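Taken in order, these protein sequences are the chains called A and B.
FYI, this note's numbering numbers position 240 of the first sequence as 240, with every residue one higher than the one before it.
One gets this note's numbering by counting positions in the second sequence from 1 and adding 1000 to each.
Hints may contain errors.
Pairwise CB distance ranges, derived in the manner of DEER restraints [claimed, not checked]:
| id | chain 1 | residue 1 | chain 2 | residue 2 | range |
| --- | --- | --- | --- | --- | --- |
| 1 | A | ASP46 | B | GLN1146 | 17 to 25 Å |
| 2 | A | LEU116 | B | GLN1146 | 49 to 57 Å |
| 3 | B | PHE1078 | A | TYR58 | 37 to 45 Å |
Hints are computed from structural coordinates only; laboratory data are not their basis.
All values derive from a computational prediction rather than experimental measurement.
We treat Cβ as the ideally placed atom computed from N, Cα and C, and that holds for glycine.
Chain by chain, the residues run as shown.
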Amino acid sequence: MIQHIRENRRLQGLLLIFPAMFVMVMLLVIPLTLTVITSFGQRDADGNVIYTFTLENYWRLLGFTEQGWDDLYLRILLRSLWLAVQTTVIVILMAYPLAYFIARSPEKRRNFLLFLVLVPLWTNFVIRIYAWVMILRSQGVLNSTLAATADLLNVPFQPLDLYPSQTAVLIGMVYEFLPFMILPIYTSLEKIEPSLYEAAADLYANAFRTFWRVTVPLSMPGIVAGTILTFIPVIGTFVVSDILGGRQVILVGNLVQRQFLDARNPPFGAAASIILLVMTLVLTLYYTRRFGLGEEIAAG
Amino acid sequence: MSAKKQSPWLTLVSILVYFFLYAPIIVLIVFSFNASRTNVVFEGVVNQGPCGPFYWYCELFRNRSVMDATRNTLIIAFTSTIVSTIIGTMAALALQRYDFFGKKVSETALYFPIVTPEIVMGIGILVFFSAVFGWINTALALAPSQRLTMGLGTVIVSHIAFSIPFVTLVVRARLHGFDDRLEEAAMDLGANEFTTFRKVTLPLIAPGVLAGAMLAFTLSLDDFIITFFTTGPGATTLPIYVYGLLRRIVTPELNALSTIWVLVVLIVVAISQWFQRRE
C-alpha cells in the first residue's frame, strides 16, 4: 500500500488536495446549495422554513409583489451597487498619487512608507469604524476643530450634520479599503522599467503624455487587483452601513442580516444573498475579462 | 521605477492621504486618556485611582468580558491558523506540482471564496449548521443541555474554511520558481521522501508558508462578518464584543483596548521583521 502511494504521483496529488476539498465541499458547496434551496422556500407563522418551490422571494426582490409594483428592494440593490462604485473610484483617485509617490521615493525609504500604509489596518475593523463615529458625530472631533477654526477666524459656523448619513458610510468604506488599493498599484508601478520613461522622453513625449500612455497602462494590473479587493467586500458589507449610517442607510448586506436575525424570514434573506452573489460574480467576471485578470492579487 | 525629484503637489497630496489614514488612529489613542466617561468630547486627561492617566487601561484589565473575548479571539486565531496553514500548503503543493483527476475543479473551488462576498459565505454556513444541528438534536432526542449549538467550534471551522484559499494563494506564489531538480538531487543522494521534504522542500517554501500563516492569522483576528453569523453563547470575540458595545454607551475603555491592540501588533511585526533580517 505504502509502496503504491510512493510510486503514484496522481494518487499523491489527490491525497494532498483532499483535506482542502473536503473543507470546501462541507463549508462552501453544501452551504451554498442549502442557501439556494432555502431561497425557493417559504416561512410559516413561527419563522420556520417550509421547503417548497416558489420564485416568490425573487419576484419580491425585483419589485413584483402580490400588492403590485414596489421597488423598495430593487432600490436597496442599486444603492449598494452605486455605493460600491463610488467607493472604488474615490479609493483609486486617492491611492494612485500615494502609490506613485512611494514608487518614486528613494529605494531605502520605500519599505518604511509602505509600512506606514499598513499600520492602520492592524487596528480592528470594527474599531476603525468607531473612530469615524468619534470624528464625524455632531459634537465630534471634526466639528469641534472646525468650530475652533471658525472662532479664530471670526466667521460664522454651522456644525456639519454628517453622522449618521450615507456620506459617513462612504467615508468609512473609503477608509477601510484605501490600503488594499495602494499596495497592488504600488507593486505594479514599482515593476516599470525606468528606461521606458527615458524612451518616452527621447520620443518627445511630455510628462503628461508619458503618464497617460506609459505609466497608467502599465499599472492597470494593480488597479484591477485593487478594484476586486475593494468592490467585493464593499458591495456585501453591513457593518459600516450599520454603524455609520444608523437606520438610514440600508444596503443588501443589512437586508440579508435582518431577514435572518430580526425579521426571521430566512427564505427571503437567502434569495437576497443569492442575488448578491450572482451580481458580484457576473461583475467580477466581466471586469476581469475586460481589463485582464488581476494576477497581482497573489502578489498583493 | 527610479527615484527622482518629486513634484511638490504630489508630496502635498501624499501627506494629505497619510493624514487621512492616521487621523482616526490618533483620535483613538488620544481619547483613551479622556476624563469624560461618555467619551463624546475630550474633557482633559483622566487622573483617577492608582493608575492616574492610565485609568481606562486598568479598568480594561478588570473587565471580565473583555478578557474572555480576548481569550476566545486568540484561541480561534491560533487554532484556525495552524489547521488552515497545513491544509492550504498541502493544496498548494498538489496544485503546483502534481497532476490529478479534478485539478481544474479544485482550482476553481479554491478561488471561489476569494470572490464571494463574506456575508454570502457567512449565512450559508449559518443555514448549514442550523440544519445539521437541528437534525442531529431531533434525531438523538437530546436534552436541552446536551444540544449542539453554535459556538467556538463552529467559528473555528468557518475561519479555517475562509483562510485556506488565501494560504494556498500565497504558498503557490512562492512555489512558482521552485526547482524540482533540488528534490531529485536529494533523492539521488539516498534521502527518502520524508527526509527530502524536511531537509529540502520545507526550508525552501518556509517563507511562503510563514507569510500564508501570518495572513491567515490576521484575517482571523480581524474577521467580523463570518464570526457574526457562526458564533454562539460563550464564543464572543473582540470584534463582536466591540460591535455590541457600539449599540450602548462606549467608554474610553474601548480606546484603551484599541491602543493596546495597535501596540501589540507593532511589536509582533517588529519581531518578525527582525527574524527575517537575521535570515
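Mind listing which of the numbered hints don't hold for this structure, in increasing order? Hint check: nothing fails, all pass.
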